[in-house]
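Q: Below, each chain spelled out in residue letters.
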Amino acid sequence: MASDTPQLLQMLRTMILIREFDELAIRLRVAGKIYGAVHPYVGQEAVAVGVCSTLTVKDRVTSTHRGHGHCIAKGADIRRMMAELFGRVDGYCKGKGGSMHIADFAVGMLGANGIVGGGLPIACGAALAAQLEGRGDVTVCFFGDGAAAEGEFHEALNIASVWRLPIVFVCENNQYAANNAVGVQHPLTDISAHAAAYAMPGVKVDGNDVLAVHAAATAAVSRARRDGPSLLECKTYRWRFHAMRAAIPPETRPAEEIAEWTARDPVARLERHLLDRGAVSPAELEKLRAQVAADLEAAVAFAEASPFPDPRDLLVDMFAD
Amino acid sequence: MREITFQRALEEAVAEEMRRDARVITMATDFTGDPAAEFGPARVRYTPISEAVLTGMGLGAAGSGFRPVVHWRMVTFSFVAMDQVVNQASKIRYMFGGQANFPVTYRCTTGGGMGLAAQHSQSPYSMWMHLAGLKIVLPSTPADAKGLLKSAIRDDNPVVSFECSRLAGVSGAVPDGDHLVPLGVADVKRRGTDVTIVALAYYVQEALAVAEALAGEGISVEVVDPRTLVPMDVETLRASVRKTGRLVVVDEAPATCSAASEIAALIAEDPETFGVLRAPIRRVCAVPVPVPYSPPLEQAALPSREDIKVAVYEVLKDSPRRI
Numbered sequence: 001m002a003s004d005t006p007q008l009l010q011m012l013r014t015m016i017l018i019r020e021f022d023e024l025a026i027r028l029r030v031a032g033k034i035y036g037a038v039h040p041y042v043g044q045e046a047v048a049v050g051v052c053s054t055l056t057v058k059d060r061v062t063s064t065h066r067g068h069g070h071c072i073a074k075g076a077d078i079r080r081m082m083a084e085l086f087g088r089v090d091g092y093c094k095g096k097g098g099s100m101h102i103a104d105f106a107v108g109m110l111g112a113n114g115i116v117g118g119g120l121p122i123a124c125g126a127a128l129a130a131q132l133e134g135r136g137d138v139t140v141c142f143f144g145d146g147a148a149a150e151g152e153f154h155e156a157l158n159i160a161s162v163w164r165l166p167i168v169f170v171c172e173n174n175q176y177a178a179n180n181a182v183g184v185q186h187p188l189t190d191i192s193a194h195a196a197a198y199a200m201p202g203v204k205v206d207g208n209d210v211l212a213v214h215a216a217a218t219a220a221v222s223r224a225r226r227d228g229p230s231l232l233e234c235k236t237y238r239w240r241f242h243a244m245r246a247a248i249p250p251e252t253r254p255a256e257e258i259a260e261w262t263a264r265d266p267v268a269r270l271e272r273h274l275l276d277r278g279a280v281s282p283a284e285l286e287k288l289r290a291q292v293a294a295d296l297e298a299a300v301a302f303a304e305a306s307p308f309p310d311p312r313d314l315l316v317d318m319f320a321d
Numbered sequence: 001m002r003e004i005t006f007q008r009a010l011e012e013a014v015a016e017e018m019r020r021d022a023r024v025i026t027m028a029t030d031f032t033g034d035p036a037a038e039f040g041p042a043r044v045r046y047t048p049i050s051e052a053v054l055t056g057m058g059l060g061a062a063g064s065g066f067r068p069v070v071h072w073r074m075v076t077f078s079f080v081a082m083d084q085v086v087n088q089a090s091k092i093r094y095m096f097g098g099q100a101n102f103p104v105t106y107r108c109t110t111g112g113g114m115g116l117a118a119q120h121s122q123s124p125y126s127m128w129m130h131l132a133g134l135k136i137v138l139p140s141t142p143a144d145a146k147g148l149l150k151s152a153i154r155d156d157n158p159v160v161s162f163e164c165s166r167l168a169g170v171s172g173a174v175p176d177g178d179h180l181v182p183l184g185v186a187d188v189k190r191r192g193t194d195v196t197i198v199a200l201a202y203y204v205q206e207a208l209a210v211a212e213a214l215a216g217e218g219i220s221v222e223v224v225d226p227r228t229l230v231p232m233d234v235e236t237l238r239a240s241v242r243k244t245g246r247l248v249v250v251d252e253a254p255a256t257c258s259a260a261s262e263i264a265a266l267i268a269e270d271p272e273t274f275g276v277l278r279a280p281i282r283r284v285c286a287v288p289v290p291v292p293y294s295p296p297l298e299q300a301a302l303p304s305r306e307d308i309k310v311a312v313y314e315v316l317k318d319s320p321r322r323i
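Top to bottom, those sequences are chains A and B.
Counting in the numbering used here, the first sequence runs from 1 upward without gaps.
Counting in the numbering used here, the second sequence runs from 1 upward without gaps.
Be aware that one or more of the hints could be misleading.
As the list claims (entries may be wrong) - Straight-line Cα separation of at most 25 Å, SDA-like style, residue types lysine to any residue; simulated pairs:
id : chain 1 : residue 1 : chain 2 : residue 2
1  : A       : 58        : B       : 99
2  : A       : 287       : A       : 301
3  : A       : 33        : B       : 94
4  : B       : 91        : A       : 243
5  : B       : 91        : A       : 317
6  : B       : 189       : B       : 173
7  : B       : 317       : B       : 265
8  : B       : 91        : A       : 89
9  : B       : 317       : B       : 190
Calculated from the structure, these hints are not laboratory results.
No experiment lies behind these values; they were computed from the predicted model shown.
Let's have the full structure, built from the sequences with the hints guiding it.
A: Have a look at this one:
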């Protein structure tokens, strides 16, 4: 149980950082400072933070197209993330990947992925490596409700269970697969129900309650270190659009639904929890937010100071020597 | 030197690399022989029939410090794993800026001539060549099969080993000891002066048989085997064509967007080589149909020795031989 104040404050800080990073990314994309597609994680912060706060740096994660939150929660450097969005040489991928392909292998973040379900097999391979190494490390595989309709999801859960791989499958059920509601895509809207078919625990948790996510992830990670896989479904909601390029797309979801979910703001919820306990004062919260803003400003400055890649380096990194 | 089959040579390659390096593991739905008896069930994984997850697990384990050898069995089954091959394996190193290496080897059988009909008789290596990010080997002899597969397993990149079905039972001399064939080095299988035949896999031995027959007619054929399709040893191919002035490319994949087409283009695009071409380049490839089952139909679909011989006559007819 995450109960000590320093850890909770750290979790709150990370959640605010994730939210503000992606709100900033949207503004930067609208301003034409960054390129390609942006898939904001806003609203889902409790999932990445609740889960990754149970991991060590040796544990590995795979991510999705909506991956900034997982990167930050796993300990990636926002300056190098921002430089990647800006397409600069100091970005994590030297400007070759952009938003959808940020990875930081040094902290066990094995990459965002532009293909729904594409990360599940890779996560199983990382878990197989951990099993063979026998040091008790685990892999967490993040994916959305949409991925549960992909064959790779079923192949991955099947083999992970048969081989008792040290892995936790974390489904972020944000209610929409791209722009299609979960109810029209799946016969059951609880993705965790699939766990029974693969003889593993399937747990459903309020994905907007970081303490609940943390507690459920603690149990699943502990099981993975000892016994094998489980499926953890976090019910959440993306506040913003599925994806943007040059312009923010029009909203197609019902206004009442959006209002209902934004009222369950995971960041505000943790703030209230800390304020109610007297663990933090409003002034300290202001300071924390100011620090996040300053860090993001520094990240943008770092990115803008970094040069663009030299076209002569186009072929660098194609193959290892 | 011992004489062993192509299939045996491939099995030896994996076993020797597993003995040499504890980080080499292997995964497949089935294995020839019982490698688990020597290496144990942790490193020899019998898997569910789940090609997508196997292919991706190879990447994930490779990016986490292991050297997996994933056997798709037949190349046909790799198509079930298209996402992991096309979107992940071929791009994962580059799109992450070279942060990690992915030393995974994918093995599969390839080619027709076995009466296995449309799905299980394909030679789709050019599809993988097109991806820019996979190394590809396509051996034609037991020695090359062993040496290339050992090099593939030691290579720090995803490598696909295409292993021709019709060669599985063919025997040949294989050097003793730690026999390695470097990736990206072609081999001149027969020296000649009048015509270069660049042949792939099974068609190397067919080209050699045609070359032998044509020698009796006073025609000197050079047979070159690229052995590795990515990276392609284009210098050896061009040097041969610059010597003979004539090129026939033989492969059992259909010609459209094929390895044969790529080889023809690499020759024709080089000003120095183009300048000494004495006849148009000829491709001898499969007819562009799904490979049929019935023997007379299958034979009609795949290249024959007669087709190769006719192509050689044609490139010679197009221009007189140098005296």
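Q: Each of the hints needs a verdict: does it hold here or not?
A: Outcome of the hint check:
Distance hint between residue 58 of chain A and residue 99 of chain B is fulfilled; the C-alpha atoms sit about 16 Å from each other, no more than 25 Å. A C-alpha spacing of about 21 Å is found between residue 287 of chain A and residue 301 of chain A, which places the hinted pair at or below 25 Å, so the restraint holds. Between residue 33 of chain A and residue 94 of chain B the alpha-carbon distance is near 23 Å, which keeps this suggested pair within the 25 Å criterion. The hinted pair formed by residue 91 of chain B and residue 243 of chain A meets the criterion: a straight-line CA distance of about 22 Å does not exceed 25 Å.
The hinted pair formed by residue 91 of chain B and residue 317 of chain A meets the criterion: a straight-line CA distance of about 10 Å does not exceed 25 Å. Under the criterion of a C-alpha separation no larger than 25 Å, the hint pairing residue 189 of chain B with residue 173 of chain B is consistent with the structure, at around 14 Å. The suggested pairing of residue 317 of chain B with residue 265 of chain B holds, with an alpha-carbon distance near 22 Å, which does not exceed 25 Å. Under the criterion of a C-alpha separation no larger than 25 Å, the hint pairing residue 91 of chain B with residue 89 of chain A is consistent with the structure, at around 18 Å.
For a cut-off of 25 Å, the pair hint linking residue 317 of chain B to residue 190 of chain B stands: about 22 Å separates their Cα positions.
In the structure shown, no violation is registered for any of the earlier numbered hints.
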